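Work out the full structure, taking the sequences as your base and the hints as a guide.
Residue numbers (the working numbering), protein chains in the order written: chain A, 9 to 256; chain B, 130 to 614.
Mixed in with the good hints, there may be bad ones.
Said to hold, decoys possible - Pairs of lysine to any residue, SDA-like flavour, derived with a Cα cap of 25 Å: (1) B:Lys195 to B:Ile212; (2) A:Lys79 to B:Asp576; (3) A:Lys159 to A:Ala125; (4) B:Lys558 to A:Gly60; (5) B:Lys587 to A:Thr104.
The hints are simulated quantities; they were obtained by calculation from the structure and are not laboratory data.
Small disclaimer: the values here were computed from a predicted structure and weren't measured.
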Amino acid sequence: MLVIKDLHVSVGGKEILKGLNLTINAGEVHAIMGPNGAGKSTLSNVIAGHDGYEVTSGSLTYKGEDLLAMKPEERAWAGVFLAFQYPVEIPGVNNTYLLKAGVNAKRKHQGLTELDAFDFMSVVKEKAKLVELDASFLSRSVNEGFSGGEKKRNEIFQMAVLEPDLALLDETDSGLDIDALRIVAGGINKLRSPDRAIVMITHYQRLLDYIEPDFVHVLAEGKIQKTGDKSLALKLEEHGYDWVKENL
Amino acid sequence: MASNEEIQEQLGKREYEAGFVTDIESDTLPPGLNEDVIRHISAIKQEPEWMLNWRLEAYRHWLTMKEPTWAAVDYTPTDYQAISYYSAPKSKDDGPESLDEVDPKLLETYEKLGIPLREQEFLAGVTNVAVDAVFDSVSVATTFKSKLTEAGVIFCPISEAIRDYPELVKQYLGSVVPQKDNFFAALNCAVFTDGSFVYIPKGVRCPMELSTYFRINALNTGQFERTLIIADEGAYVSYLEGCTAPMRDENQLHAAVVELVILDDAEIKYATVQNWYPGDENGVGGIYNFVTKRADCRGDRAKVSWTQVETGSAITWKYPSCILQGDESVGKFFSVAVTTNCQQADTGTKMIHLGKNTKSTIISKGISAGRAQQSYRGLVRMGKNAENARNYTQCDSLLLGDACGAHTFPYVEVKNATATLEHEATTSKIGDEQLFYCQQRGLSEEDAVNMIVNGFCKDVFDELPMEFAVEANRLIEISLEGSVG
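As structure tokens, this is what we get:
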């Protein structure tokens, strides 16, 4: 689904990703772990199309297409979803209204008829249950006044409604208490599907207790340094990232 | 995502959707202003002598006045002798009795603007909106009169009111905005040609929203509407004013006066969606809009609210104000102003607290793009008898691009120690992170900008009647159209 080859990315002239390679297939769940500043968020932002990052060389191929030639919204229409690490507040913009506009833009692009408010609301109410999101959140302004945990839940709720093919979850577990983590992870598990790839960026092994990944990658110093199964995450937890660095 | 430069450049490309000119023979006075012109206007309107004298008095005072220069706007001074002060669409001597008698081209114009008068009449029972359409200077079509008459409401062109209800007009005209109030108001007093008159009798709740559409259509013709609305004791009315203008190369002067009188326990809600032609991307053409709007809460527990959505005009000079004389009277001001390209707006409000326990609220939202400059200018005055008066002011500015500006000039005068004032002001740039978030969810950049801007304006749009809220949303979208190339 997604093939990343020799990706080099700079921010403000400083190279963050230094030749990253990664292949992700449909149905797989990948966890990307690594120390602070390793370039994890940079990777997810580049895939989603944030223009604050300069791709100096390398390629991103998604479903056979050059992802770098596509605008952020075109990537969204093609099924790329990013659950933000810090979801932004948009005062006065209704949560459901934003989501409906997003869903219908995608449907329009796919040549489908747009959902009317009634049909959309029935979809939304059903999906809200996945992450036990209270109906009152639907009519509130996007992320405005949400607690950290509510914002993250809202992200996974949006993912459920938008039904992406490739979901990037950027530290979705950070800032969650144990109960919220269980709920959010439960929602993500329900969204696992043979047609969908999920990439989780996280610092902590504990998320992986709830969502079992097929692959665990260690991203450090701008490259994937190590790839393994879930046992790699346990080893990391035990030995810390220095262990990876020592074994470079 | 586009950079600020791109957004700014793209915003400049918007075109004025209502930019067309209707070809109708106009009965127009030659340019120039003197006492004879005023006599002529008064004669055309078949006015009584007291009205002519009132105009002449205003004119003589206007001659002694200087055009104000304190506003933060910059424009070529108007040559008042180069303007024609009267223009009327040619019609039969007696005004048309029904829409069938209205010039079909005129109706076509309204239809292009999405104001289907025929439909309005047809839908009378559904929408409950009465339209007193002002085309250039003469009201040519008034509908729903019978329903209003039944309720005892007077809603007619002010020229008609001067003839038919001289006592009411004499009592209230100029009682809120006197002839000598300011330069533009004095000019308006001298040469106003038409506008609306509304009187809601004691205890009557007006059975429908009242709405007037203004439209400038004759070359080099100043527009001087005069509106007078009186809510007698315990009365209620919601009045909507909306306007668009055809594309022009010459600047057109617009100096309206709106007076609202609110007596004991009465309430007026006055909403405006204003879309005068703003000029092209270099600022050529466009309307100069110098308006004096003032409400006088003359009675105890009187309430008034001004809600305005301003997207048009090259120059806007406008401060809808509230005089809170009556004890426990309430004044509110809700405003959204959008300026793009070279538009300049100096707008705000005045809240004059005179009575005890008076309350006022000011919510002002300014959006600037391109090279536009916008100022909020607000005065809150607590008089010495205004025991326990309260004011809350919130001014938010949103900037799109790097070349535009937003300025806030709050003036406060407090002469009573028990008064309470709160003021909040924010200025923000439309955030790259907000745009990216919306785009990541599948919105185009243009849709994302519209959504964020509409969200920013929500507090004010919520105050508009439903029909107008939809129109306001649409207007803002048109204004920001072309924000993505």
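Going through the hints against the structure:
Between B:Lys195 and B:Ile212, the direct Cα distance comes to roughly 18 Å. Compliance with the 25 Å bound is thereby established for this hinted pair. Under the criterion of a C-alpha separation no larger than 25 Å, the hint pairing A:Lys79 with B:Asp576 is consistent with the structure, at around 14 Å. For the proposed pair A:Lys159 and A:Ala125, the alpha carbon gap of about 24 Å is at most 25 Å, so the pair holds. Note on B:Lys558 and A:Gly60: the hinted pairing holds, with a Cα-Cα distance of about 17 Å set against a maximum of 25 Å.
Proposed proximity of B:Lys587 and A:Thr104 is supported: the alpha carbons are some 15 Å apart, at most 25 Å.
Checked against the numbered hints given earlier, this structure breaks none of them.
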